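*Asks:* Letter by letter, the chains look like this.
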Amino acid sequence: MEASPVYKSFSRDKTIEELLYNTSLWKSEFDFIQIESAFIKRLIKAYPFSATIPNMYERLQLFILELDNFEKEKNTIAEKIKIYDHKIENPEIHSLESGDFYLPEDEKLAEEVFMYLIHYKNLKIQIFEYMHGLIK
Amino acid sequence: MDIKLFFSFSIYLYCIKQLIPFKMKTKMKKDWLGREKSTDELHHDYKLWVSEINFIKDEIRFLEHLLSENYIDFLAAGLHKKIEASVKQISVEKNIGTTLQELINKQEKTLAELIKTQNVSSNKNYLESHKKIEIEVNNYLEKYKDLKQQIFKVVEDVMKKKEQKKLAGTDKIPKLIDK
Chain F
1 MEASPVYKSF
11 SRDKTIEELL
21 YNTSLWKSEF
31 DFIQIESAFI
41 KRLIKAYPFS
51 ATIPNMYERL
61 QLFILELDNF
71 EKEKNTIAEK
81 IKIYDHKIEN
91 PEIHSLESGD
101 FYLPEDEKLA
111 EEVFMYLIHY
121 KNLKIQIFEY
131 MHGLIK
Chain P
1001 MDIKLFFSFS
1011 IYLYCIKQLI
1021 PFKMKTKMKK
1031 DWLGREKSTD
1041 ELHHDYKLWV
1051 SEINFIKDEI
1061 RFLEHLLSEN
1071 YIDFLAAGLH
1081 KKIEASVKQI
1091 SVEKNIGTTL
1101 QELINKQEKT
1111 LAELIKTQNV
1121 SSNKNYLESH
1131 KKIEIEVNNY
1141 LEKYKDLKQQ
1151 IFKVVEDVMK
1161 KKEQKKLAGT
1171 DKIPKLIDK
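Protein chains in written order, with the working numbering: chain F, 1 to 136; chain P, 1001 to 1179.
Check each hint, because a few of them may be wrong.
[To be verified] Result set (DSBU-like, lysine-lysine): computed pairs, CA atoms no more than 30 Å apart in a straight line:
id	chain 1	residue 1	chain 2	residue 2
1	P	Lys1160	F	Lys41
2	F	Lys45	P	Lys1037
3	P	Lys1109	F	Lys121
4	F	Lys8	P	Lys1124
5	P	Lys1082	P	Lys1124
6	F	Lys87	P	Lys1037
7	P	Lys1047	F	Lys27
8	P	Lys1131	F	Lys41
9	P	Lys1153	F	Lys27
10	P	Lys1047	F	Lys108
11	P	Lys1132	F	Lys8
12	P	Lys1162	F	Lys45
13	P	Lys1166	F	Lys41
14	P	Lys1124	F	Lys74
In short, the hints are calculated from the structure, not lab data. Small disclaimer: the values here were computed from a predicted structure and weren't measured.
Excised from the complex, chain P in its bound form (with noise of 0.2 Å):
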């Protein structure tokens, strides 16, 4: 072999193992962010969001609950407003998650026909529109999570007026023995 050539040949080896790590990495952030599912993978997705949402459904009667009791008497407490304004948002998000729950059930019958008719990988749209809604369902988790979380201040902040009764009924305990 020419050595001139053999040196070229060299060189060129030599680059492509330099470049092989930056390809790498262009690689790697590509297929975890446009990956594309298997279709189990798919009906798995729709399984664990109807579960979730049904799951929350659950969690939001007993919190409705929770807010409407007399145990709450919100108006002697001065919490009138902020209950008024979780229980309006415990409302909102009841009627997302119904509405996600007929997405998600749209969804799963069009993987179903899609299935039949072969055309998973090859239908853009139904791809684009499931990545939408799992980032939706995502949103709508953290924003029901936000919202748990003022209402646990607001029923703190009432079991501590309540103890705070208590405790003050207990002062005079000594003086009424006294008479």
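Looking at chain F on its own, in the form it has when it is part of the complex (with noise of 0.2 Å):
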């Protein structure tokens, strides 16, 4: 497995429109990996394994476990992006700010997003990779 990518802020002044746009896209994605996982989980729980490697059984249960805490977290982040959308689309806020803006806390989401994808992804492939040797 290759080294994963690191987040990188580049600091500059976002508008308005383009904040909204990347929270459409984190929601977006959010709501694709909850049909991901459920689909995972049941693959797992369902898949009839017949090859007899040791503590086989365990290693799926922390799978399941583990995209369920996944799971959790995504929700959390969910409601942050909510309220934050919330904020965004205040127009209290436009007029506050002149022109294009930069929000350190829109920075903080970005990273929160983008750490937990990468993590996301990682669990994903350690699963298809242990699956994978499951499947003859």
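Take each chain as given, in its own frame, and dock them per the hints.
*Replies:* Pasting the structure below:
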């Protein structure tokens, strides 16, 4: 597996349209993860693995547990995005700022979403690599 | 100051003030859509795209393996056409991924050359092709997500049919015990 990319901030001002566009991308990414992780869990639970690898059942259960934890974390971040979205849609903020603006909150949230996606993808690859060996 | 001139000047200032929000609004949109990226940002884009495509390659390897297994005895489940279409589509996506990767590598080499000659921001062709690749990568990622959803659906259909078969088999157990 290759090294995961790191989050890099270019600390530039963003317009409200761009901020809103970014949050819409994050929300759509999370919606897809919801569908995908449900599928992976069903696959782990329903697949008739015939291999007899030591601790296989425990390992699969741990994957399910990790996916559940990721789901909880996703919901927490999704809630933050919702609050943030509401904030940038608020007309009072538009009048406070003169033109383009930069919100440290946006950077913080962007990094949180980025790191979440990287960790989620790494977990997915671990699960797939493990299951690949079991499916004969 | 002449009173007439003073009023004209005040009216002029008032008009300018009224125009500022409109000017800013235009600038906001223009800056975002047509914004030129720094060389660091351009280079970072390549890294992210390559990482994304490599990740998809790993995932595709698993999905191909999953769809080619005996478990998916799709002929019996009547899902043959659907699975065949998904397998074909996977192969198409894999090829597009490789082409995109080659394109990105080439573009990255061009960036390195332009940095050496300090011509990045003045080379409009290069910046245009960067934007085009960005659009291509985004389209590719979206299409791949659609394909995955199709595959999830097919595999779930197979799982459901398997479960139904299993349940049908368990119905016979009491009868066998009675015998």
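*Asks:* Failing hints, ascending?
*Replies:* As far as the earlier hints go, 2, 5, 8 and 14 are violated by this structure, in ascending order.
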